[in-house]
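Enquirer: Below, each chain spelled out in residue letters.
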Amino acid sequence: MKALSQHRRHPLMGLALLLLGLLVTGGLYSAASTVNQAQAATQVTTAASSDDIAEGEKLFNANCASCHGMGAAGTDAAPSLIGVGAASVDFQVGTGRMPMQMNGPQARLKPRQFSEEQTAQMAAYVASLGAGPSVPEEKYLDADHEDVNIAKGGELFRINCAMCHNAAAAGGALTRGKFAPTLEGVSEKHIYEAMATGPQNMPVFSDANLKPEDKRDIIAYLKTIESNDSPGGLSLGSLGPVSEGLFIWTAGLAVIIGFMVWLTSRSS
Amino acid sequence: MSTTVKEFQPATRTGRLANYLDTRVGMSPIVKEFGRKIFPDHWTFMFGEVALYSFVILLLSGAFLTFFFDPSMAHVTYEGAYAPLYGIEMSAAYASTLDISFDIRGGLFMRQLHHWAALLFVAAMSVHMLRVFFTGAFRRPRELNWVVGCGLLMMGWAAGFTGYSLPDEVLSGNGLRIIDGILKSLPLVGSHLSMFLFGGEFPGYSIVGRLYALHIMIVPAVILLLIVIHLFMVVTHKHTQYPGPGRTENNVVGYPVGPVYAAKAGGFFFIVFGVLALMAGTVTINAMWNYGPYDPSPVQAGTQPDWYIGWFDGALRLMPGQIGDFSFLWNIPMPWGSSVSLPMGVLFPLMPVGILILGMIAWPWIEAWVTKDNREHHILDRPRNAPGRTAAGVAGITWYCVMWAAASSDLIATHFQVSLNDVLYLLRVLFFLGPVIAFIVTRRICLSLQRKDRELVLHGHESGVVEMSPEGGFSERHRNLTDYEMYRLVSFESPRPIPATPGRKGKVSTMEKVRASVSRLFFEERVEPVTREELVEAQLDGHHGHGAVEGDQGNQLGH
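Protein sequence lines, in the order shown, are assigned to chains A and B. Per the UniProt record's numbering, the first sequence starts with residue 1, numbered consecutively. Per the UniProt record's numbering, the second sequence starts with residue 1, numbered consecutively.
No lab work stands behind these hints: they were computed from the structure. C-beta: ideal position from N, C-alpha, C; glycine also. Careful: at least some of the hints might be erroneous.
Said to hold, decoys possible - FRET-style restraints, in silico, Cβ to Cβ:
id, chain 1, residue 1, chain 2, residue 2, range
1, A, Ser66, B, Ile355, 53 to 63 Å
2, A, Gly130, B, Phe328, 19 to 29 Å
3, A, Ser227, B, Thr66, 27 to 37 Å
4, A, Gly185, B, Val260, 33 to 43 Å
5, A, Ile159, B, Met233, 44 to 54 Å
6, B, Ile178, A, Asn209, 25 to 35 Å
7, A, Val261, B, Asn480, 27 to 37 Å
8, A, Ile159, B, Gly337, 35 to 45 Å
9, B, Ala368, A, Val261, 49 to 59 Å
10, A, Asp51, B, Asn421, 19 to 29 Å
11, B, Arg177, A, Gly83, 32 to 42 Å
Start from the sequences, fold in the hints, and give me the full structure.
Expert: Here it is in structure tokens:
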């Protein structure tokens, strides 16, 4: 002790203390987080236990409450989440839209910020606040299910979705910077949840409007056109006549003009 | 006394064949007239050819499609190869288009070839017209051929639009719905015209059959007729040519059709065919299977017409339905009690479209009226040497392009991540300001290019060699232009503005005043071509080592 106290005014002592402090905090944090992970790993099977809800509440308070308010009651900056259901949380957090990167016309897709366990815990917490659409059952996400009718799914898609998302699900514009995103590469679960909860500017397609089987048909149709290559060659973004016109005026005419210059450069 | 004319006896087999044709259909004069027609060689003269070849390809691929297309709106249940539509109720027209795409060997290729050729057909015609416009090739004696060309362009739009609507899918059905809406917006006659076109209330069961008749018979027949007139006039007028040594208003310098040019043109046909076939084989056009059978209820995001109809659509998109509380739906009370409603939100957008089309058709006479130039012209203008016309043309293009861009406002918004509303607001401003800015900027660019030409003629090319004189002065050596270069830069006219002149009664009419102000707008600022005297003087100065000195203001271009 004496030796230590003798050196307490050593010039390097401050540095040593800082290092010690960092080591201790870092070590404690990593130990605590592995403990958390271990807990989550054991509890992932038992859906929405009270532990989940408690963990979800902690995560919510730490990450979401600044805008959505304590108890998800909503603030001036963001709406209340009471009654939006687990599906809404799973969609918004699972696609990375929440936490929102910046204020804007609508939240944009970005890499997801939370693990599946954490997302599920927050979903469980929000679901515990009020009844709402839950994360869909596996059987309604199976595009290869024997009862699936792709053609009917296509018809439902054209009637209900294509006005915003484009006939080939390539996305489209809404007013004032809002937009309907492309549906290519969106997972079955997220498509279902989007229909069930109506994220951003999308309307809700409840089970009374589109039965779970109908939603499955739509998902199956989308997965079919996504996995089938474009039958006619390059799809040009599936944007219709605009990209076709652009193509003929740029690539098409450029090639033709190239030949024209070549032909007239050799006069005789 | 009788004289017997000894009949010509050909000796060779070719001779016998030629004589046979000559004595029956008078082949020699035909070959002499058409086979010896001279084509000057310049790549910009070939856009018309591209349009012609695209049309031939359209006829060939279109004939194939008629074998399989069923222009009927009868209900059928689709049972073809495309699974995502299997078992869906649709019209026979849509079902047969799906069959062409998925069940008939080579059908999708032919459909895409037909559609790509249509886009290229109208694009090539448009560029051809721009070439004719900016080089002044429409001037006397070719004014009527310009009008025939305008007719061909509009028939191209008509052919395209009627064809676009045939598959009877949601995309083109929305286009027809817009046509229906425009017709119905016309006062008094609107609903009658719509009922007449659709054979009852929209969409009815007649429209595809009627469009089909227009698309495969009437419109192509009119196009063919106009092409014949167009080419006949081209032969009658002889070809125009760019200015150059040895080229005058009385000759055409180039190659005759036979044999070299014919071979070249024939080869070019196959090049155009090849390029289009490559596109048809590798790039999707009109993925009509995505849109689904026509149903009047849905509209899909990204619904646009083919490019040449885009500016009509854009004009409609630009028009606000109301500004503040001021509505553009006008109800005009009539003396007999009822009122006529005028949906000006639809009728106003027809005005810029009409103005552009009429302005295009009437331009040869408008320009002749402004310039009072009624001479024949066979030597083309370089666009910079006609700043007024070039600026007016670019202003027209800008106006067109603003409307064109407005048709894709939604895609501009999503792809550049801006607000759809802002895109429209900006385009509305550009709709009014764009042509004015384009006119001013283009005229200035033309004048600057002319000044650059003058500078080049008087001082030659900069060689990059700086010399020091014994007195210690620095000067740059300039390389004189060759005669060919020189000819191109000095052989043009620079008309002066023609002031308003009194008419027969000694009064200056209002129209004459308008003409004079347009003339002033076009020609007030002008650059004179270099005269012989100026050139001689500049060259003499150059010999004395002064003329070419950089910064020697005294010998800069004349103003």
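Enquirer: Just tell me: holds or violated, for the beta carbon distance of A:Val261 and B:Asn480 against 27 to 37 Å?
Expert: holds (28 Å)
Enquirer: Using the beta carbons of A:Ser227 and B:Thr66, state whether their distance is inside 27 to 37 Å or not.
Expert: For A:Ser227 and B:Thr66 the Cβ distance comes to about 34 Å; the hint holds.
Enquirer: Taking 33 to 43 Å as the hint, is the beta-carbon distance of A:Gly185 and B:Val260 inside that range?
Expert: Because 55 Å falls outside the window, the suggested range is violated.
Enquirer: Taking 19 to 29 Å as the hint, is the beta-carbon distance of A:Gly130 and B:Phe328 inside that range?
Expert: Given range 19 to 29 Å: violated, Cβ gap about 47 Å.
Enquirer: Starting from the range 32 to 42 Å, see whether the pair B:Arg177 and A:Gly83 falls in it by beta-carbon distance.
Expert: Since B:Arg177 and A:Gly83 have Cβ atoms about 40 Å apart, the given range 32 to 42 Å holds.
Enquirer: Lying within 35 to 45 Å: is that true of the beta-carbon distance A:Ile159 to B:Gly337?
Expert: holds (43 Å)
Enquirer: Please check whether A:Ser66 and B:Ile355 have a Cβ separation lying inside 53 to 63 Å.
Expert: holds (57 Å)
Enquirer: Is the hinted range of 25 to 35 Å satisfied by the C-beta distance from B:Ile178 to A:Asn209?
Expert: holds (29 Å)
Enquirer: Regarding A:Asp51 and B:Asn421, is the given constraint of 19 to 29 Å on their beta-carbon distance met?
Expert: Given a distance of about 48 Å, which is not inside 19 to 29 Å, the answer is violated.
Enquirer: So does A:Ile159 sit 44 to 54 Å from B:Met233, Cβ to Cβ?
Expert: For A:Ile159 and B:Met233 the Cβ distance comes to about 53 Å; the hint holds.
Enquirer: Taking 49 to 59 Å as the hint, is the beta-carbon distance of B:Ala368 and A:Val261 inside that range?
Expert: With Cβ atoms ~33 Å apart, the hint is violated.
In this structure, the hints that do not hold are numbers 2, 4, 9 and 10, in rising order.
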